[in-house]
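With the hints as constraints, model all of the structure from the sequences given.
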Amino acid sequence: MKSRKVFLPLIVIVLKRCTYIMKRLFDIAVYVLTREEATSFGILGQYDQFKEELRSVYFKFVEETRDICDKKAMDDFLTFTKILDWDLLSGMSEVKDYDYLNYTKDETIARVKLIMEKRTSIPNVASDTRGRMVNDDAYTRVLMMAGKLFAGVRFFFTKYIRNKFNAFFLEPMFQKLGSALTDHFRKMDDERYEKMFNIGSVSYTHLRAHET
1 MKSRKVFLPL IVIVLKRCTY IMKRLFDIAV YVLTREEATS FGILGQYDQF KEELRSVYFK
61 FVEETRDICD KKAMDDFLTF TKILDWDLLS GMSEVKDYDY LNYTKDETIA RVKLIMEKRT
121 SIPNVASDTR GRMVNDDAYT RVLMMAGKLF AGVRFFFTKY IRNKFNAFFL EPMFQKLGSA
181 LTDHFRKMDD ERYEKMFNIG SVSYTHLRAH ET
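Per my numbering, residue 1 is the first one in the sequence shown, and the count goes up by one each step.
Calculated from the structure, these hints are not laboratory results. For glycine and all other residues, C-beta sits at the position ideal for the given N, C-alpha and C. Treat the hints with care, since some could be wrong.
To be verified - Straight-line C-alpha distance at most 27 Å; calculated BS3-like pairs for lysine-lysine: (1) Lys72 / Lys195; (2) Lys23 / Lys159; (3) Lys159 / Lys71; (4) Lys72 / Lys5; (5) Lys148 / Lys51; (6) Lys113 / Lys60; (7) Lys105 / Lys60; (8) Lys164 / Lys16; (9) Lys60 / Lys23.
To be verified - Computed spacing ranges between beta-carbons, pair by pair: (10) Met145 / Ile68: 33 to 41 Å; (11) Phe150 / Phe185: 47 to 55 Å; (12) Met145 / Phe26: 22 to 30 Å; (13) Ala180 / Val14: 17 to 25 Å; (14) Val14 / Thr182: 43 to 51 Å; (15) Arg4 / Val57: 32 to 40 Å.
See below:
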């Protein structure tokens, strides 16, 4: 089916690009922050092991978020490509003008009924209903109907997928990334901290300096 061939690569490619961009932003952010000598972020340029640990946790979070978003997006992919709804031929064209600020209960009920009960008529593609011969005119009508169905699927699918990416990929980067990084470093034991920041060797050097 055309919809499957077109939309599945859309999910795969966009997810790959989003993942690449988010991972690339790590190096960009570190480069910028390490140049800010007046701030405390200069530590990123002094301790490579800490930076690599931070990179590892960040990349893991990005990949886990990508996997969740992929699953959510695939749900919509199957929804819009497994069974086609004939209402996609008309899309939202059946929704009439409606006053969303000043409305009555009866008007709301009537509007919902119009949307839910409207039956999209399936066009008759054959000029002779008793036969199976398809002439050029019928062939053109079939192509037109297929084009309208695909346009309807594309219209709704792209909007749903955009919302899924915003909700399950972009939003976690703003709302959950910080806590994920904080939780990781809070759970680390002292030995790993000493190794990352060379605390043992620094303390030894400092002690030797006092002895001399």
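Unmet hints by their number, sorted upward, for this structure: 1, 5, 6, 7, 12 and 14
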